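Undergrad: Residues per chain, in single letters:
Protein chains: 2
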Amino acid sequence: MEFVKNAVGRVVPTEINGKPQIPFKGVGKHIPEGRKHGPSIPTCANYPEDGNKLVKDLKEALIKAGLRDGMIISTHHHFRNGDLVANQIFAIAKELGVKDLVWFPSASFPCHEPIIEYLKDGTIHHIEGSMNGPLGRFTSEGNMKGIGILRSHGGRYQAVQDGEVQIDIAVIAAGCADPFGNANGLYGQSATGLLGFALADSQYAEKVIVVTDNLQEFPCIPWQIHGNYVDYVVQMDKIGIPEKILSGTTRITKSPDRLYLAELTAKFCQAAGLIKNGFSFQTGAGGTSLAVSYYFDQIMRKEGIKARFARGGSNKYMVKMLEDGLVDFILDGQTFDLDGVRSMRDNPNHVWTSPFTSYNYHSKGNFASMVDIVILGATEVDVNFNGNVVTHSDGYLLHGIGGWQNALFGKTVILPIPLFRDRIPVIVDEVTTLVGPGELIDVIVTERGIAINPRRTDLIEATKNSGLPIVDIHYLKEEAEKICGKPQKPEFTDKVVAAIKWVDGTVIDVVRQIKK
Amino acid sequence: MEFVKNAVGRVVPTEINGKPQIPFKGVGKHIPEGRKHGPSIPTCANYPEDGNKLVKDLKEALIKAGLRDGMIISTHHHFRNGDLVANQIFAIAKELGVKDLVWFPSASFPCHEPIIEYLKDGTIHHIEGSMNGPLGRFTSEGNMKGIGILRSHGGRYQAVQDGEVQIDIAVIAAGCADPFGNANGLYGQSATGLLGFALADSQYAEKVIVVTDNLQEFPCIPWQIHGNYVDYVVQMDKIGIPEKILSGTTRITKSPDRLYLAELTAKFCQAAGLIKNGFSFQTGAGGTSLAVSYYFDQIMRKEGIKARFARGGSNKYMVKMLEDGLVDFILDGQTFDLDGVRSMRDNPNHVWTSPFTSYNYHSKGNFASMVDIVILGATEVDVNFNGNVVTHSDGYLLHGIGGWQNALFGKTVILPIPLFRDRIPVIVDEVTTLVGPGELIDVIVTERGIAINPRRTDLIEATKNSGLPIVDIHYLKEEAEKICGKPQKPEFTDKVVAAIKWVDGTVIDVVRQIKK
Chain A
1 MEFVKNAVGR VVPTEINGKP QIPFKGVGKH IPEGRKHGPS IPTCANYPED
51 GNKLVKDLKE ALIKAGLRDG MIISTHHHFR NGDLVANQIF AIAKELGVKD
101 LVWFPSASFP CHEPIIEYLK DGTIHHIEGS MNGPLGRFTS EGNMKGIGIL
151 RSHGGRYQAV QDGEVQIDIA VIAAGCADPF GNANGLYGQS ATGLLGFALA
201 DSQYAEKVIV VTDNLQEFPC IPWQIHGNYV DYVVQMDKIG IPEKILSGTT
251 RITKSPDRLY LAELTAKFCQ AAGLIKNGFS FQTGAGGTSL AVSYYFDQIM
301 RKEGIKARFA RGGSNKYMVK MLEDGLVDFI LDGQTFDLDG VRSMRDNPNH
351 VWTSPFTSYN YHSKGNFASM VDIVILGATE VDVNFNGNVV THSDGYLLHG
401 IGGWQNALFG KTVILPIPLF RDRIPVIVDE VTTLVGPGEL IDVIVTERGI
451 AINPRRTDLI EATKNSGLPI VDIHYLKEEA EKICGKPQKP EFTDKVVAAI
501 KWVDGTVIDV VRQIKK
Chain B
1001 MEFVKNAVGR VVPTEINGKP QIPFKGVGKH IPEGRKHGPS IPTCANYPED
1051 GNKLVKDLKE ALIKAGLRDG MIISTHHHFR NGDLVANQIF AIAKELGVKD
1101 LVWFPSASFP CHEPIIEYLK DGTIHHIEGS MNGPLGRFTS EGNMKGIGIL
1151 RSHGGRYQAV QDGEVQIDIA VIAAGCADPF GNANGLYGQS ATGLLGFALA
1201 DSQYAEKVIV VTDNLQEFPC IPWQIHGNYV DYVVQMDKIG IPEKILSGTT
1251 RITKSPDRLY LAELTAKFCQ AAGLIKNGFS FQTGAGGTSL AVSYYFDQIM
1301 RKEGIKARFA RGGSNKYMVK MLEDGLVDFI LDGQTFDLDG VRSMRDNPNH
1351 VWTSPFTSYN YHSKGNFASM VDIVILGATE VDVNFNGNVV THSDGYLLHG
1401 IGGWQNALFG KTVILPIPLF RDRIPVIVDE VTTLVGPGEL IDVIVTERGI
1451 AINPRRTDLI EATKNSGLPI VDIHYLKEEA EKICGKPQKP EFTDKVVAAI
1501 KWVDGTVIDV VRQIKK
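From first to last, the protein sequence lines stand for chains A and B.
In terms of this note's numbering, the first sequence is residues 1 to 516.
In terms of this note's numbering, the second sequence is residues 1001 to 1516.
Looking at chain A on its own, in the form it has when it is part of the complex (with noise of 0.2 Å):
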């Protein structure tokens, strides 16, 4: 394996899983050659007439489908946590003696631990999505036979739509689906608002599968996911598991830190002037960024301030914020909450979004770099205000990307986060892992301070006179080390277990394995 120093000075290898790479050159500095890629063209000549693709099971389908050695199967996490289908495909796939499988998941959770018990006895050779929680740990172990790839939601569709990643065989569990294979998520026991990230998987994979337990008659509408894209339909009892893929309702944190926090972000985007009226904000859905929401909610209520739009995921705040007309539209990636669900349901100004049109950077454009505030997390930032939010500071991988790439390109991004968890400082040197270039992070939130990208003079200079805390990063890291003593580094082997995808194909980083 080769090794050469990327534009962040992360050292990457040349070729990854038997397939040359690219090293990251810089935002915005890899220009793209060839062609989108093309599946296979497909003719009505061979399905059926009436419309119906229905297939007895999940395991006819994969034999029809073709499943064999070697090859790349995708699923979706609009279930999260409650995901009751990947773990049978890797089942069947065993039973039927298949091996060396790539999963191509747009993201992996706890529930999918069981995938474990396939990537030791070479069902699957390695995962190529997010690995969080226990797949992640198992990784960072070195226990993976192949080397893992993480991208950002954007960042799979690019690897998609440009053929990095063929996709033989897709899975996409949906909520509510027809005989043909039109499917969406917002009807039914499974629901889940949206299906947006098997858009790619639907568009690009040579077989497509629709699993639902909730068949309609022809048509299912909307078409989230078109039919014509679709090979087999598998009816199941039971898809998800409820009340792990939505919450019944969101509830906006109480820890007194983390609301200081959220009100000092909001504090500090008031003062920078940016929450004015046809605004657009992106806050997530964790305990802090509802937070963040709740006090912009606020603001904006008090000055009479409407924003054009939010970027979900959405919950019951965002949505009220739509029902009251504080927002025009909500433009949203996944729904987080039962309003959020209801409310892409019925109204037309809570917009279904997908990579595709959020995040896809190989595109003409997207979503992302038009949204004003953008409110974001992290495991660790450093002095150079790079961030990484897929390794821990005791060096395992254990988070997925998510839209984070993506959303780095709003136009002011803000990192609340506490100078420390479970007495490990946040704010570093350097960061574990390098996930988002620091020319990319504007504000740094503590409760310390504030510390701004020195990059954004505009914003120093806004705020100047606020009265708020604004320090140097320096500082807030100092601050961090006083409290918690210098951190120990974790110590790695030589080994790159898994790769970080920068959201042009290239590789920004890699996370090696735990020595123990």
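Heads up, none of these hints are tricks.
The list that follows gives simulated cross-link-like pairs (lysine-lysine, DSS-like), each with its CA atoms no further than 30 Å apart:
id	chain 1	residue 1	chain 2	residue 2
1	B	K1495	B	K1515
2	A	K29	B	K1056
3	A	K29	B	K1064
4	A	K64	B	K1411
One-sided excerpt, in silico: chain A residues whose CB lies under 10 Å from chain B:
id	residue
5	F218
6	Y229
7	P348
These are calculated hints, taken from the structure and not from any lab test.
Note that this is a predicted model, so its numbers are computed, not measured.
Note that the Cβ used here is the ideal one computed from N, Cα and C, for glycine as well.
Chain B: place on chain A using the hints.
TA: Leaving out everything else, chain B in the frame of chain A:
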């Protein structure tokens, strides 16, 4: 030019405009190989971060898009005979001295007569798309430099998807758009309801220009056309003539002959047991077709029958059926009046479709084959039930194919047609141009009787005691000739002026130059 006889006995060239062609092999017989077309991979790095793609005018957009000799330029026909954009493109091309363009409209109309000038002066080499009226006449007389190619709506999507036609610049006029290029046809003075005919163009063209007279702030919702596919946006005062785009109000024919045909058609469907709960139908928007809808409506109300869906072109009668609960859904490809637009805008069960969902034969099934009753027209039908919709019996190319070939895949296809028009028989020995193979046409309804395709023994059986005037198609032909005399065959030179593609991209017939 080499010629071969294809599967329906028509002599067709193996090469057209320098490109090799596949002769028609029979319905469902041509199995495509290869991959879908992949346009060049773009990158956000080359597009404005603020999403503002507005340029000064259409000329600047065309220049920025790299307009040059030999390019393929596409437009759509949602504006019908009220299009104010297409002619401008070629006026600009002429001004810039660009030559030998291919115009690839989804259809052309009499308002495009000025294009003849550009065909004459070499700005345009040939047209691929329907040539209704003057352009057809010009072509039939052998005046076009290249050979015209006519495709169905679905065939056009197929050709673009498969890379048979690689669009260089698509110009998409839209009733509503934002500076990012998101667009729909639902709002504004030039509303068209939808923009489905431009979908393939947006997805596959190298450069996409959106033109609007109704610029909205981002986001323009719904995004029938995704701005992520769009390069430039142009604002104009007026892109269409409203009264020529949509009729203010659609009217059912008052002709007693046509009403009789329509009533007979509806009675036949009823007698054959085709009008039953959960059925589906497509009637089109011509005078007779509207009347068929009207009679369906009457039967359904009387018998308490509900349809699952109706396929548009929509109009106020169909909208009323939707609103009164006689149909669950309208799956609509184009709106023909203001009620159609209103309903599509406001009623989630009035669904916009596209040639991709409805008609693309190189897909994993499409909706066309799922429709129970399809009512279509024809300029000629022969005793083998072959149909012609593009030429008249005088040999002139005067019409496009529209969705006609695609809709032939419906379960029962019925053509209510007069026995003769202007004293020229419509039922003939052999159609002038074979556009649809007789095996797909089930029933011919005329004022002198109904002929059922002998292949449809089920329909013959079901209606044998109906009291309806079921006759042999030869009888109809003879009746026509009794009244009009044996029609004179048009005389042609050997020169091929246009080719007719089947839904799978093969050549089913050609049109030859009229001998004066």
